[in-house]
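Engineer: Residue numbers (the numbering used here), protein chains in the order written: chain C, 1 to 518; chain W, 1001 to 1308; chain V, 2001 to 2362.
Since the hints were derived computationally from the structure, they do not count as laboratory data. Since this is a predicted model, take the numbers as computed values, not measurements. Take these hints with a grain of salt, some might be off.
[What the hints assert, rightly or not] To spell it out: a stretch of chain C is covered by chain W in this simulated footprint if at least three of its residues, at any positions, have a beta carbon under 8 Å from a beta carbon of chain W; those stretches are: (1) 65–78; (2) 92–98; (3) 105–118.
C-beta: ideal position from N, C-alpha, C; glycine also.
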Amino acid sequence: MPGTEILRMEHIRKVYSNGVVANSDITFAVNHGEIHALSGENGAGKTTLMKMLFGEEQPTRGDIYINGEKTVIASPTAAIRMGIGMVHQHFMLVPSLTVIENMILGMEPRKGLIIDQKLAERQVAEISEKYNLIVPPHAKVQDLTVGQKQKVEILKALLHGAKIMILDEPTAVLTPQETRELFHELKILRDSGYTIIFISHKLNEVRELCDRITIIRRGQTMGVYDVKDVDEEEISHLMVGRDVALHLEKKPAHQGEAAIEVEGLTVRNIIGQKKLDGISFRAMRGEVFGVAGVEGNGQTELVEALSRNMDFHGGSIRILGKDISGMSIRQLRAQKVSHIPEDRMTTGIAGALSITENAMADKSYNPEFCGKGTLLRKKNIKAYGQKMVERYHIFCKDLDVAISSLSGGNIQKVVLARELSSDPEVIIADQPTRGVDVGATEFIRKELLRLRDEGKCVFLVSSDLNELLGLADRLIVLCGGKIAAYFPDTTAITEDDVGQYMLGLDRQSEQEIAEVTK
Amino acid sequence: MSIILQNIFSTEFVYMWIRVVTPILLPALGGAICNRAGVVNLGLEGIMLLSALAGVLGSAFGGGLLAGLAAGLGTALLVSLVFAYFHLNLKADATICGTAINTLASGFTVLLLFTITGEKGTSASLKSFSFSTVNIPLVEDIPVIGKILSGHNLMTYVALLAVVAVWFLLYKMPLGLRIRSVGENPNAASSVGVNVRRTRYIAILLCGALTGLGGMYMSMGYLGMFTREMVAGRGFIALAAAAMGQSTPIGVFLSSMLFAFFDGMSNTLQLLALPSQFIDMLPYLATIGGLTAYSIQRARKAKRRLAE
Amino acid sequence: MTLKKANLLVDSVKMLLVIVVALVLVTGIVFAVSSEPSNALYNFFIGPFLSLRRVGNIIEGACPLVFTALAVMIIFRAGQFSMISEGAFFMGAAIAMAVSIAVPMPTGIHAVACLLCAAAGGALVASIPAFLKKLWSVSEVVTSIMLNYVVQYFAIYLVTYHFREMQSSSLASLKLAETSLLPGILPGTNVHLGVIIAILMCVFCWFLIYRSRFGYQLRITGCNPSFAHYVGLKETGVMVGAQVIAGAIAGMGGSIELLGMYTRFKWTETPGYGWTGIVVALLAKDNPLMVPLAAAFIAYINTGANIMAMNSDVSSEMAQIIQGVIMLLIASGALLQRWRQKLIDKAAEQEQAAAAAEQVQA
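Looking at chain C on its own, in the form it has when it is part of the complex (with noise of 0.2 Å):
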């Protein structure tokens, strides 16, 4: 029935084995038949309270009530079978399998002994139909588009039967266009009687797509609203703690010699595909240069050619005047030129060594860490573990744990005091505050501004349109492998403007796009 309780988490605990608190104490309430945005910053615990709910994860403390009734769901088997479906952030399909085989996986149609393909794809149709969710039924999952995959995940989650539907942070990975279309089939959703969980920390989306919003801090409840009776500042300050100045205190730039000039650069990956195709741009000392992008355009490729972590295929990169070609990563990086990796967990950090450890561990050839013999010396390393958790804020008790006990805001400034502390000309930065605490997103964009300003280059890429318009003094943006559009100037424009040319709605004229080459 419409608008009464259809689920209940009360005083949810959630404690991992490493130690940390993801939850410590959340009650999160939803009604039938309403979108209900769960709200929070990055690492504030909106995905592990959820994969309690779809039986993922066992709750160290509190309780689970469906339609009134204590639960325990102690796998996604119990929660599919309560209806609760999840559409995960990172899509939960078998590429090599087709669509319907991604569908009915877990509940396929059985004709004797072998699975009853006509009724699958009789089934697979029906529902696509009745939704208006058009897939193409017997493409294999790895050829599809990230939109296209989002609706597999819908349709699948509707075929096993939801009726509590979780979309975690669905937008993250979609188009504008995408996004809206995504709205439109939610709410015939809704309409049709499903209940709809959204998490976003997009407050925008949340105005235009929820009845109501649960924010969550730090592991904790900070309250429930309905949407349209809080304004977006109000929000922003239970989801922050503290009003964020948006746009930081930024000095005029002052643009010196070329630091990275790319020619044609070309890049493929391991099935052939170009993934860059010929682009060009001169990024300058003094500057944050910046790259937008919906994911999966190139971005990903241009780091990895730039940091030496892929070879590239065609066209030419020169940093601070050097071909790097034919240099290895360690060669590269004693020409000054550090990499903030995309993701810190599995390229960022060794994950059972200790701070100090990981900290230094683009330095054992650092005659200060390891004397001409081989022996390495304890003494200074001890010293420059403890300078760097004094220089960057991490916050941890002992210098000799394990870098995986920390949190991902103290882990990724242990990245950073690395990456910093040898003290470089380029800094290449892929994402570097993604999935990051507040405090530590401001900190790290300081420190970056004032590598800028000591006249360092900053190559800097981004998801977050908001944190490239307000760090970076000029804009490239790829779609397709290809440059789409160059802003000389960030400061006069819009995120809408960005938009259009992340989406492949607009493309540059050659000559402008050639401007970023001068």
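Given chain C, work out where chains W and V should sit, using these hints.
Structural biologist: Relative to chain C, chains W and V alone:
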């Protein structure tokens, strides 16, 4: 040299080739199912060894082939269960788990053999049974082909049928779909309610059954008795065959045939005046070589794609 | 209780539990297979301590295990699963035999030459799966195991065709040169100089892993190879280096075993020290300084099993069963995990409370 060639191109050699592929093909198919489910089962060797002994003991004391089959299969499933429990429930590394199973197996088989027969080398003193050979009507009368295809041990035909059965399982049955998804993206599988652990349990048990048959073939077909360490690395060779065949039934069949060829060769080459140790090395060297050639070709292919 | 203490407590209890379970299992098996179980068990548990000679057996038996365990430890630390220590050990022994018999040298120098050649041989063998993996990502697990068989037959070939004692009916090499043998150091036992070398090797490995640049790079690579690559290390080079060093250590172990314990090369198949080394390495939990203790424990079990086999109706393969069980249990990461989690939760809660109290004060 010409003697060798003559031998290889004889029907006897091809017959033997099919004979020696049996104890590689069966565990390789099992290993492929495990690989597909995302488990590398290094314990194939030990499972084979234990079921080889269990089959012999079962048939000797149970008074028949059926009792032997039951004992061998039961043992293989039990050991697989142990492997699965430690790997899946207690989160032990699969490589170490497999190695532990192998260590246990080589100790336990000798201990048991000694306890029962008072000997550590062979089960020759026991009166155990073997699987019978099967002559296929009609086929056996065809010249050449009849000599090659007919008159094999029952287990050899089981192995060949298993290729088809595994194909059917992986690509036609719901369980196969689940096994493939669990190996490729376990999170995706579990998010739609596929019980990843249970699916892997089933895969490991299926693998155990096939491997157990392979082990029993060693002591109840290939030879008529159990001898210490008689599996001699076939479990590992099977694992290599599964990897090289990319865990597809046809691929596994072909790579098993390749490795078996060298196993068969080593029998033929005994005719030469080479030191026998070099001939004994051949199957192992061939496995290293085959795996390497496959990997080189895979690496080249990836490179070529990039260069285009 | 802090996080560190919680982990230490759980780890210690787990180790104890593993050993107790293994020994209880032994008792069970003995009761099942033996007609005189109490005699068998007495020989197994107490037997090894009944004479100096037997205690010596434990120490001698631990010596080869120390080398293979150190090799395994270094390979595993690099995140590799090469099982080559078995083959490298055997290769070392075979080469030491060849150098001992074929190349006359003065006392002392001869042994050193044997050890170094054996180390080189072990390193060479271990480098094969390492390079195959580095160049074409061939799985090192399978190639190393296959190579163990190849090495085994190669060594037997060497003995059979080049160094065979024709007077003997069973396969044995000619007598090893006196000049190359390692002298005994404990009268009344066979404990030889190799034991001292083994202990020095543990110290060396500890320095290598925890105090040297290479060890630091090794630990980074083993923990996260993509991270090692990204910070500019040659991660595949480190992996190869680790396996080569490990091969050298195992190879040297093979020569020490031969020259310390035997007067002829008599093995007809690889003796399995490489596999047992895995158990020892797991027991020592990544710490080279714990290896002698772990090796001694396993050697105690081996010695006990041998004495039991001699004096009762239970065969010595019991030792392998125990090793397998210990391996399974120690590798089980989830064993006692729930208890560990509870302690960690408590520690986190206390920490939070303390932090909150601090905030209130401030």
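Engineer: For the region 65–78 of chain C, does the count of residues with a C-beta closer than 8 Å to a C-beta of chain W reach 3?
Structural biologist: It holds: at least three residues are needed, and the region 65–78 of chain C offers 3 whose Cβ sits within less than 8 Å of chain W.
Engineer: If you count the residues of the region 92–98 of chain C with a beta-carbon closer than 8 Å to a beta-carbon of chain W, do you get 3 or more?
Structural biologist: Three-residue rule met by the region 92–98 of chain C, so holds; n is 6.
Engineer: Has the region 105–118 of chain C got at least three residues whose CB is nearer than 8 Å to a CB belonging to chain W?
Structural biologist: Answer holds; 8 residues pass the 8 Å Cβ test.
Checked against the numbered hints above, the structure breaks none of them.
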